[in-house]
Amino acid sequence: MSEEFKIEIVNPEKSFLVKEDALEVVVPAFEGEMGILKDHISIISFLKPGIIKVFSKSGDENYYVEDGIIEFKNNNLSILTSTIFSVKDLDKSKQGDLLKNAEEEASKTEISDQAKYLADQKVEVLRSIN
Amino acid sequence: MASLDDLKKRIASVKSTQKITKAMKMVAAAKLRKAQESAERGRPYSEKMNNIILNLSNGISDKENAPKLLSGTGEEKVHLCVVMTSDRGLCGGFNSNIIKKAKSYFSKILNEGKQLKIITVGSKGNDQLKRVYGDKIIENISFKESKNANYFDADKVGKMIIEKFEGGEFDICTIFYNQFKNVITQLPQAQQIIPLNNEEDENNSDDNYEFEPDEDEILGNLLPKNISTQIFKAMLENSASEQGSRMSAMDNATRNAGEMVDKLTIEYNRSRQAAITKELIEIISGAESL
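Protein sequence lines correspond, in order, to chains X and C. Under the working numbering, the first residue of the first sequence carries the number 38, and numbering increases by one thereafter. Under the working numbering, the first residue of the second sequence carries the number 132, and numbering increases by one thereafter.
There's no promise every hint is true.
[Claimed, not checked] Pulled from the structure, derived: some chain C residues nowhere near chain X, Cβ distances all over 10 angstroms:
#, residue
1, Arg172
2, Ser177
3, Lys179
4, Leu187
5, Pro198
6, Phe237
7, Asp266
8, Ile269
9, Lys287
10, Ile293
11, Gln323
12, Pro344
13, Ile349
14, Lys356
15, Ile412
[To be verified] Derived lysine-lysine pairs resembling DSSO-like cross-links, with alpha carbons at most 27 angstroms apart:
#, chain 1, residue 1, chain 2, residue 2
16, C, Lys275, C, Lys356
17, C, Lys162, X, Lys51
18, C, Lys153, C, Lys140
19, C, Lys287, X, Lys131
20, C, Lys165, X, Lys153
21, C, Lys165, X, Lys145
22, C, Lys156, C, Lys287
23, C, Lys295, X, Lys90
24, C, Lys261, X, Lys131
25, C, Lys140, X, Lys131
26, C, Lys295, C, Lys312
27, C, Lys150, X, Lys110
28, X, Lys51, C, Lys139
29, C, Lys234, C, Lys267
30, X, Lys153, C, Lys295
31, X, Lys51, C, Lys239
32, C, Lys356, X, Lys90
33, X, Lys137, C, Lys153
34, X, Lys153, C, Lys275
35, X, Lys153, C, Lys312
36, C, Lys156, C, Lys179
37, C, Lys162, X, Lys137
38, C, Lys356, X, Lys43
39, X, Lys145, C, Lys208
40, C, Lys290, X, Lys51
Just so you know, the hints here were simulated from the structure itself, not pulled from any lab data. Note that the Cβ used here is the ideal one computed from N, Cα and C, for glycine as well.
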């Protein structure tokens, strides 16, 4: 029996990634990292800033996301996100920009606890990519 | 009758206008392709978003305490209308179609004695609406600097709308835009985004989702995003429609200019001929009288 399922990542501009042969996907869900294998129960959750790890027959890939929603149903994983970058293509300057923005956001005092938490997450994840 | 010289000048001016409209048509055609592509590429996102929200709202247990963005404030006194138009003119009926649609909706609301607030996106809509509804316009946004519709701009508009909603400034929000069908047809649309209109009949799907965290929190997080997404979709559709509309308008203009040049040329030739004949007659009759 094959252990593959379909993954689709879309952002508002286009379909970012479609793969038919994903074996496992680890997503940074809001309440902690979550690994998804074939025949996972239908689930809807949303993401915090982090790394999506896609393990597939055709190779493993990592993506940095800042937010998003995931839906898994009938062995179809859909990830909707507005900010996504492939870690491979993320060069130093781009990463620096993102990190700077995140740090600025995290240093604000008037934001809500949740926003602060998310901004801290961003900083942490972006620093860890190096 | 116009003199030969005048006719010549007119022909030259019509020809140069034709050149301009032709160039604009070419530019619009090139831009249209890009805009159409991005409109089509953007569709999966908004469709998926819609699907998830539909599934979520079907699965929500406590309808009474559903987020206000979904269920509304319970009143419908103040209407907010977001009219999305272009920043540039010369695109045929594109802007006036939206305005017409919006105006008929406005008068309906005002006749019912409800309060109306307007946000215009794009300067052309503002120009046309401020004459009649100037006091109703609370905000005017224009994205002249950004070349293409991008999510960042849409998000700004979305956040502003949500802020106003949470501030209790309105009960119902409708957006007006042109849906791109093909190059010659664009359909002006009025879409209600707050509260969310579940037009699709409830397909009682029996798949039970697991939610993490719970539905309410997900919905609370998702609905504001959906607003931005819907606005972004409207922006993409609008920009494709604008280019399509401009292209066909400029195509018509080029054709009309061609017809005009033909007509003027015939007139020019005729008057030239008439002048020659007249001169000949004068010469002949002059010679005869000698």
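Item checked: Least C-beta distance from C/Lys287 to chain X larger than 10 angstroms -> holds (13 angstroms)
Next item on the list: Given the hint that C/Lys295 pairs with X/Lys90, test it: the Cα-Cα distance must not exceed 27 angstroms.
Entry: Violated, at about 38 angstroms.
Next item on the list: For the pair we were handed, C/Lys234 and C/Lys267, check the Cα-Cα distance against 27 angstroms.
Entry: Roughly 12 angstroms separates the two Cα atoms, so the pair holds.
Check: Taking C-beta pairs only, is C/Pro198 more than 10 angstroms away from all of chain X?
Finding: Answer for C/Pro198: holds, closest chain X Cβ roughly 14 angstroms.
Checklist line | Check on C/Ser177 being off the interface with chain X, judged by Cβ distance over 10 angstroms | finding: The assertion about C/Ser177 is violated, with a minimum of 8 angstroms to chain X.
Item checked: C/Gln323 and chain X, when compared Cβ to Cβ, separated by more than 10 angstroms -> The assertion about C/Gln323 holds, with a minimum of 21 angstroms to chain X.
Notebook entry, point to check: CA of C/Lys275 to CA of C/Lys356, is that 27 angstroms or under?
Noted result: Holds: C/Lys275 and C/Lys356 sit about 24 angstroms apart, inside 27 angstroms.
Item checked: Given pair status - C/Lys275, X/Lys153, alpha carbons within 27 angstroms -> violated (33 angstroms)
Item checked: Separation of C/Lys356 from chain X, once the least beta-carbon distance is taken, above 10 angstroms -> Not fine: 8 angstroms to the nearest Cβ puts C/Lys356 too close to chain X.
Notebook entry, point to check: Can the restraint linking C/Lys140 and X/Lys131 be considered satisfied, given a maximum Cα separation of 27 angstroms?
Noted result: Outside the cut-off at roughly 57 angstroms; violated.
Next item on the list: Measure nothing beyond the straight line between the CA atoms of C/Lys162 and X/Lys51; if it is 27 angstroms or shorter, mark the hint as holding.
Entry: The hint holds at about 18 angstroms.
Check: With d taken as the least Cβ-Cβ distance between C/Phe237 and chain X, does d exceed 10 angstroms?
Finding: holds (30 angstroms)
Comparing the model with each numbered hint stated earlier shows that hints 1, 2, 3, 4, 12, 13, 14, 20, 21, 22, 23, 24, 25, 26, 27, 28, 31, 33, 34, 35, 36, 37 and 39 do not hold.
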